[in-house]
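A.B. asks: If you read the protein sequences in the order shown, they are chains U and W. Just add 30 to wherever you are in the first sequence, counting from 1, and you've got the working numbering. Just add 30 to wherever you are in the second sequence, counting from 1, and you've got the working numbering.
It should be emphasised that the hints constitute simulated quantities derived from the structure, not laboratory data. Don't take every hint at face value.
Same chains, same names: a pair is fine if it fits in one copy or spans any two.
Said to hold, decoys possible - Heads up, simulated BS3-like pairs for lysine-lysine below, C-alpha to C-alpha not over 27 Å straight-line:
hint : residue 1 : residue 2
1    : K242      : K274
2    : K43       : K318
3    : K327      : K404
4    : K274      : K105
5    : K242      : K145
6    : K111      : K189
7    : K71       : K318
8    : K318      : K79
9    : K324      : K71
10   : K105      : K145
11   : K229      : K318
12   : K318      : K105
13   : K318      : K134
14   : K134      : K229
15   : K318      : K145
16   : K71       : K329
Fair warning: this is a prediction, and the values are worked out from it, not measured in the lab.
2 protein chains.
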Amino acid sequence: MKFNLIHTETNSKARAGELHTAHGTIETPIFMPVGTLGTVKGVHQRELKNDINAQVILGNTYHLYLRPGTDTVEKAGGLHKFIGWDKPILTDSGGYQIFSLSHKRKLSEEGAAFKSHIDGSSHFFTPESVMDIERIIGADIMMAFDECTPYPCDYNYAKNSMELTHRWLDRCVKQFENTSSKYGYEQALFPIVQGSVYKDLRIKSAEYIANKSSFGCAIGGLSVGEPEQEMYEMTNLVTEVLPKNKPRYLMGVGTPTNILEGISRGIDMFDCVMPTRNARHGLLFTSKGVINIKNVKWKNDFSAIDENAHTFADTMYSKAYLRHLFSCNELLGAQIASIHNLGFYLWLVTQARTQILNNTFEQWKNDLIPNLNKRL
Amino acid sequence: MKFNLIHTETNSKARAGELHTAHGTIETPIFMPVGTLGTVKGVHQRELKNDINAQVILGNTYHLYLRPGTDTVEKAGGLHKFIGWDKPILTDSGGYQIFSLSHKRKLSEEGAAFKSHIDGSSHFFTPESVMDIERIIGADIMMAFDECTPYPCDYNYAKNSMELTHRWLDRCVKQFENTSSKYGYEQALFPIVQGSVYKDLRIKSAEYIANKSSFGCAIGGLSVGEPEQEMYEMTNLVTEVLPKNKPRYLMGVGTPTNILEGISRGIDMFDCVMPTRNARHGLLFTSKGVINIKNVKWKNDFSAIDENAHTFADTMYSKAYLRHLFSCNELLGAQIASIHNLGFYLWLVTQARTQILNNTFEQWKNDLIPNLNKRL
């Protein structure tokens, strides 16, 4: 695996790069659709590939460990084969899900005890066991096991949590280095910067992560409830510290605006459930603003869903038809909206890349953001 | 519009034909996927066309009248344009839905008063108003407004109901002839044979319908709870009476076996919610039997969903993956299963047509049916 930083914009920190993996090249900046359980909700794999132009998708260690279980994923020959997806996959380590989903979690030096959100059964994750599971899943990019610090949290909690994450990282690295890919292709480990919204902690954590011989770097614990300005400030601080020759991944972010602001601060990779989750609620992102397709104003609007069509779904179906599908709670509504939103997100990062290469990103971003936040 | 009867099998009543409409030719026998509200649940229009090879789909007058409403369909320029489907459409008249879905229905000579199953609002359908709505929807094939006789029902109820359906038919024909297509292409009216499971009534109704100058003929009120042998017997009686040069449509039927037995008795057209509804419950029809994909036996079965692949979904995804999606209640599960089942139904009727043209249908059917009914 290899990351080539191709260009950094002259008047911002925005970067264009290429991340080469065994399953193909990812052009950065990139948005990664979230396929928690090995499926991007409502979207066929061939639609992801051919219509949305997804270059990499996410799977989730916590969810896949519980269902279908690592035994099934291993017997299938890894997640790529299990789900029928031959492009890159990144797996979240479960740190965030234990924090947000599971019951009665209890963290110790050794690891995290938690109860399944599905059936209440008891489980225990350690940095070592998570590495083992991610090896079995076979993701091209494996995330280190961390504690996702809640927000708000006091300084001492944030500091202790960050230090635990660092100690866990050392164990992740050791386990990662002592094991190898099960399926004959290279996997990479990304450590995660924590530190909540405390500047000194974020810098300290970034320095710790920067000194690791990892392939890339991630920023976790943001977009968890803090004001957007704090997210941007922390991102900016951290990317000042992280090595320039490694890809940077801002986890769980965000709105189209968040993504552009992240790119501007030197982030290369993003993921978020927002485009698919909002789609299922009838909220469509467009370059002119957000459409609530359930609104009666679209009842007889037979124009294309998005005239700046990024996928077949935008021109094949009208706003009135999509509204009708949502009014009737028809499956196809969620399917169309999900394809639209993901197509828009992928268009956004592809367009950002073009602008970066032209040194026009910052201006383009500043012109676009006021539109993105309109309510149509 | 034109129907060409191309061939009748030498050793059964099975027929192969061509039904020419303004939106293309339908090769019969045919199965028509049900798109009640202008969407075949969980399936994109381009999947219907390119993957499932659907030649005609159904819409429903009752449902479309309630949502999005005929005004919206008319403003869109008809249902084809509204939903983005340029192949033929057939619309059910609402007779069956008033019988099965609506509340407090009250039939009179004039028509049917009913309350919406959605919001309890009051509505009144007459043969004339239904023709007007179907003109607005713009279906290539419009069904006459009938009373779908419940099962069981006594002889007198069945006789009176049938006679009402006949009088309503006369009014439908008159209204149909006094109106014209709104969108510049030809529409056809299909009258419906009723008569419950009473032989003399079915024959009388078939004779009444046979004497109408309609383009095709439909058989209603079957597959509503009666034993299969009665359905087959009634179908056989009716097709003896119906004119040979018109297409015959057995409404709401049925299982793969029902369809083959219907074809054997001279039926050309079928529709049923079964392939899509059962798909959403994880039941897959195959030529080797029925698969309940939720069963734990498929947990680690990484073979193709159906080795006799009829669509991309059958080979792109494994049984184990599809089971996983159903276990997690993921949208993609219903999507894949719906494409599979519809692909299988369309394969079945296409294969039946080939066998009819070779005069091998009856034998092929008898060999296949024992497999179709197996539980895998």
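A.B. asks: So which of the earlier hints does this model not fit?
C.D. replies: 4, 5, 6, 11, 13, 14, 15
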